[in-house]
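Enquirer: Now for the letters of each chain:
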Amino acid sequence: MTYSAGFCKIATSLGLEDDSEPQNPVISRGLAKGWLENPRKALSEEPGLVGQNDANWLLVFDNADKPDVLQDYWPISSNGSILVTSRDPRSKLVPSVITNDIQVPLLEDEESASMLRSLSRVNKEPEISLEIAKKLGGLPLAIAQMAAIIQHQYMSFTEFLERYTDDEDRQELHALEAGGPHQNARGNLSTIWLVEQLEPFPRTLLEMCAVLDPDCIQERILLKGVAKEPILEAFPTSMNAYVAARAELIKRSLVSRNEEKRELWVHRILQDSVVSKMSDARIQDIFSAALSFVSDAWGPVDLTKRHDIVLSKARAGLYPHTLSLKTIYEKHVFLRDRETSLQLGALMNEAGWCGLLNSYRPFY
Amino acid sequence: MQFPGEKATELLCDVHYGLAAVANETNDKGACLRHTQQLLEMRLKIYDESEVPDLRLAIAHNEYAIALVMNGDFEGAVTAFTHSIDVFRSLADYWPGMDTNPRTNLGFVLWNLGKVEEAYDMFYTLLVDREARFGVMDKESFR
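Residue numbers (this note's numbering), protein chains in the order written: chain A, 1 to 364; chain B, 1001 to 1143.
Think of the hints as simulated: they come from the structure by calculation, not from any bench.
Since this is a predicted model, take the numbers as computed values, not measurements.
Hints should not be assumed to be uniformly reliable.
Below, simulated DSBU-like cross-link-like pairs (lysine-lysine); rule was C-alpha separation at most 35 Å, straight line [to be verified]: (1) A:Lys261 with B:Lys1139; (2) A:Lys66 with A:Lys124; (3) B:Lys1045 with B:Lys1029; (4) A:Lys277 with A:Lys224; (5) A:Lys134 with A:Lys9; (6) B:Lys1029 with A:Lys331; (7) A:Lys124 with A:Lys224; (8) A:Lys124 with A:Lys135; (9) B:Lys1139 with A:Lys224; (10) A:Lys331 with A:Lys228; (11) B:Lys1139 with A:Lys331; (12) A:Lys135 with A:Lys66; (13) B:Lys1007 with A:Lys224; (14) A:Lys92 with A:Lys326; (15) A:Lys135 with A:Lys331; (16) B:Lys1115 with A:Lys326; (17) A:Lys124 with A:Lys92; (18) B:Lys1007 with A:Lys228; (19) B:Lys1139 with B:Lys1007; (20) B:Lys1029 with A:Lys326; (21) A:Lys251 with A:Lys228; (22) A:Lys326 with B:Lys1007; (23) A:Lys66 with A:Lys9; (24) A:Lys331 with A:Lys134; (25) A:Lys135 with A:Lys92; (26) A:Lys277 with A:Lys66; (27) A:Lys41 with A:Lys9.
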């Protein structure tokens, strides 16, 4: 429901307008805001008969992804409460009258498992429910959707975990709606992020994030692509383009950013969804580019400096990405050219040394 | 043995080198010997074709010798460490002390064989070379 439609409904529900007559959204908005700013309880059903006591009200702007529009609908009043939910981090800045903002975190593993058991009405196998909860990464929509599937398909947690561990089955489960989230939810795990609606630059940036380790994507890896000659179609080729693409992803809560460390984070389930929507050729291109960026970030290796501990520590943060790339290569890259395979082999070899260098060697 | 092209060959050598290091760390003497043998054979073949000794050949001899020590072949290890030192010293950019690793290892093996005087000489001359380049009590190794 749009804001204007919502305020029209408020006006008619409060008896401020006759719902049998055509409504002017601007007038309806004004009437509704007027009441919100001076709310009075009705004494009876007779129109116009209001009391002296203030009414309490709660106004909820749900899924307010265009926070700039809120200003037009914001009642100037301290007589009630307003709750705004949004993916866009900027929504807490507009209007300026917002006093408290909460970044809703992902659920902890135990909370997730408890929610899963509660919604699925399955109380057996609590340890398996915890394993499932970890795979769902604390995402309430994921938990709710999977709980509904478990319930409606009469599955045990063990059976569900087996299916969820299989790549193809998992994609099907993400797209399945089994009497799941309530009707106002934005969609299911396969559709909710609206990745298809992204412009090319942010979409490519997200695809790049989808093949790297999700917990810590150092922006210096992505900036390798900005600095290089274009090797990937629709990857940002300037800092301005990169920052704009990144902003779009943050605005839609597709990634979050640690400004101080210059790192991005993306949810694993979103990664799954993004990869599933890529064609074989696209995965090949994204993988090759990501491999090139990570290899560049890794830096050249001098045989005589292989035991350099400082260098090893600097590369430790890149190590998870090598494992992620290996997984993508094994599961999703079917067009394997020699150069790419060699480059991956070289990177994996160096990653192996990175892991080895923390141990003591009696012979040198 | 496969020689699938220069880049792939170099990568395979590196992989064997890495796997040998892992085997050494985990005390898997069989695997260490297998991988260092593969590594050395590949580097020797490359040398046979190029006739130019390189750092990787010197390292390969050293790694093979380490595997021999793990397998109790101390005399064989002495020979291999000596080969490594010889290759190091044949390099165009050799500097005294560049062959620290095989000389250190050889000294250790000589000591274990009871050849204490030879071990002492090995360590002493190496120390002189390193102090000449890096000063007393240097921290250049394994920084």
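Enquirer: Would you mind marking each hint as holding or not holding in the structure?
Expert: Comparing the hints with the structure gives:
1. A:Lys261 with B:Lys1139: holds (31 Å)
2. A:Lys66 with A:Lys124: violated (43 Å)
3. B:Lys1045 with B:Lys1029: It holds: about 24 Å lies between the C-alpha atoms, which stays within 35 Å.
4. A:Lys277 with A:Lys224: holds (25 Å)
5. A:Lys134 with A:Lys9: Roughly 42 Å separates the two Cα atoms, so the pair is violated.
6. B:Lys1029 with A:Lys331: holds (34 Å)
7. A:Lys124 with A:Lys224: Roughly 49 Å separates the two Cα atoms, so the pair is violated.
8. A:Lys124 with A:Lys135: Within the cut-off at roughly 18 Å; holds.
9. B:Lys1139 with A:Lys224: Holds, because 34 Å separates the two Cα atoms, which is no more than 35 Å.
10. A:Lys331 with A:Lys228: holds (28 Å)
11. B:Lys1139 with A:Lys331: violated (45 Å)
12. A:Lys135 with A:Lys66: holds (31 Å)
13. B:Lys1007 with A:Lys224: With Cα atoms ~24 Å apart, B:Lys1007 and A:Lys224 stay inside 35 Å; holds.
14. A:Lys92 with A:Lys326: violated (40 Å)
15. A:Lys135 with A:Lys331: holds (18 Å)
16. B:Lys1115 with A:Lys326: violated (49 Å)
17. A:Lys124 with A:Lys92: Status violated; Cα separation ~41 Å.
18. B:Lys1007 with A:Lys228: holds (23 Å)
19. B:Lys1139 with B:Lys1007: holds (34 Å)
20. B:Lys1029 with A:Lys326: holds (28 Å)
21. A:Lys251 with A:Lys228: holds (26 Å)
22. A:Lys326 with B:Lys1007: holds (20 Å)
23. A:Lys66 with A:Lys9: Distance of about 20 Å is within 35 Å: holds.
24. A:Lys331 with A:Lys134: holds (21 Å)
25. A:Lys135 with A:Lys92: holds (30 Å)
26. A:Lys277 with A:Lys66: holds (26 Å)
27. A:Lys41 with A:Lys9: With Cα atoms ~18 Å apart, A:Lys41 and A:Lys9 stay inside 35 Å; holds.
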